[in-house]
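Single-letter residue listing:
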Amino acid sequence: MKISYILIGIAVMAGVTYLIRMIPMVFLRKKINSVWFQSFLYYVPYAVLTAMTVPAVFSSTGTPISAIVGFAVAIILAFFERKLLFVALGASFAALITQLLGF
Amino acid sequence: MKKQEFLEGVKDGLPICLGYFPVSMAFGLSAVLSGMPIWATILISMTNLTSAGQFAGVNQLVAHGSMIELAFSTFIINVRYFLMSLSVSQKADSKMNIFKRLAVSFGITDEIFAVSVQRKCAVSATYMAGLILISYAGWVGGTVFGAVATSVMPEILSNAMGIALYGMFIAIVIPPAKKQKNVMITVLLAMSLSLAFNFAPYLSEISSGWATIIVTVAVSAFAATLFPIVAVKEGNCNEN
Chain A
1397 MKISYILIGI
1407 AVMAGVTYLI
1417 RMIPMVFLRK
1427 KINSVWFQSF
1437 LYYVPYAVLT
1447 AMTVPAVFSS
1457 TGTPISAIVG
1467 FAVAIILAFF
1477 ERKLLFVALG
1487 ASFAALITQL
1497 LGF
Chain B
2 MKKQEFLEGV
12 KDGLPICLGY
22 FPVSMAFGLS
32 AVLSGMPIWA
42 TILISMTNLT
52 SAGQFAGVNQ
62 LVAHGSMIEL
72 AFSTFIINVR
82 YFLMSLSVSQ
92 KADSKMNIFK
102 RLAVSFGITD
112 EIFAVSVQRK
122 CAVSATYMAG
132 LILISYAGWV
142 GGTVFGAVAT
152 SVMPEILSNA
162 MGIALYGMFI
172 AIVIPPAKKQ
182 KNVMITVLLA
192 MSLSLAFNFA
202 PYLSEISSGW
212 ATIIVTVAVS
222 AFAATLFPIV
232 AVKEGNCNEN
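Chains as they are written, first to last, in the numbering used here: chain A, 1397 to 1499; chain B, 2 to 241.
Think of the hints as simulated: they come from the structure by calculation, not from any bench. Heads up, none of these hints are tricks.
Straight-line C-alpha distance at most 25 Å; calculated BS3-like pairs for lysine-lysine:
id, chain 1, residue 1, chain 2, residue 2
1, B, K96, B, K12
2, B, K121, B, K12
3, B, K182, A, K1479
4, B, K121, B, K101
5, B, K101, B, K12
6, B, K180, A, K1479
7, A, K1479, B, K179
8, B, K92, B, K12
9, B, K3, B, K92
10, B, K12, A, K1479
11, B, K101, B, K3
12, B, K96, B, K4
Kindly generate the complete structure, drawing on both the sequences and the hints.
If you want it as structure tokens, here you go:
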């Protein structure tokens, strides 16, 4: 990877992110009243996190079986509403044990 | 007085800092393992202060995606901050001038937003500075630790840590999906569409960056049309 490509990429990411946060803070004091738009924004995190997780999670640990075990453990822990950190480390731990067992 | 407000911000931000550390450590690990240089990984955390956005950005940079794709996906993933920033903006006290607003807006994340709108009535720039700085320290510190640790950590351990970030995403998505049918349908639809974009003929030709954008916009628009949210929670000053 070229350094200039990385630097421009980081600048693009940082610039876009900053503008999104800065514009309402500095220029907009009025509320957005569109129910549709508010609803759209409400669903975005769930849709984007899901799309990024499936199917990429299955190739995240080096072996498919350990990834599937880690994924299942994460879903179970999340279902019982454990803290983010606990779910993240629990999934890693499950994947690690599976790999140590030779899968 | 000012010092006390700053310290209150630091105190309220400490749980965020502790929560960020392992997550950004996982980000640092996975970014470096996927081929991002250590300095660039740290620079991304220092300049972005987002989780999903940084993660998607690294994926695209490593895959040599175009800048338009990168800008667009960053926008879609992070556009939720727009509403959060809007809420914080309405909660800001009258002494927060334009320069302070320019600085505070850099630090609006899901967690910082959540903590600041829970505070009784107006938030000052001093309070926000304490809250943001301690959280920022956790985020950047964890990234440095994770990025550097990859070189000394046994491969089997860093491999297993690769799933940590997905674990966090799952922990965010599952609890509301369990309780709300509309969220559950959103998640199942996003999952199916994302699988289609990865494996279906023709669709899988599309790069993963664009696929994420298309899935997100299509599914969110569909859900917003079918299940509009009438009362989105907002911070207000009524309790004071």
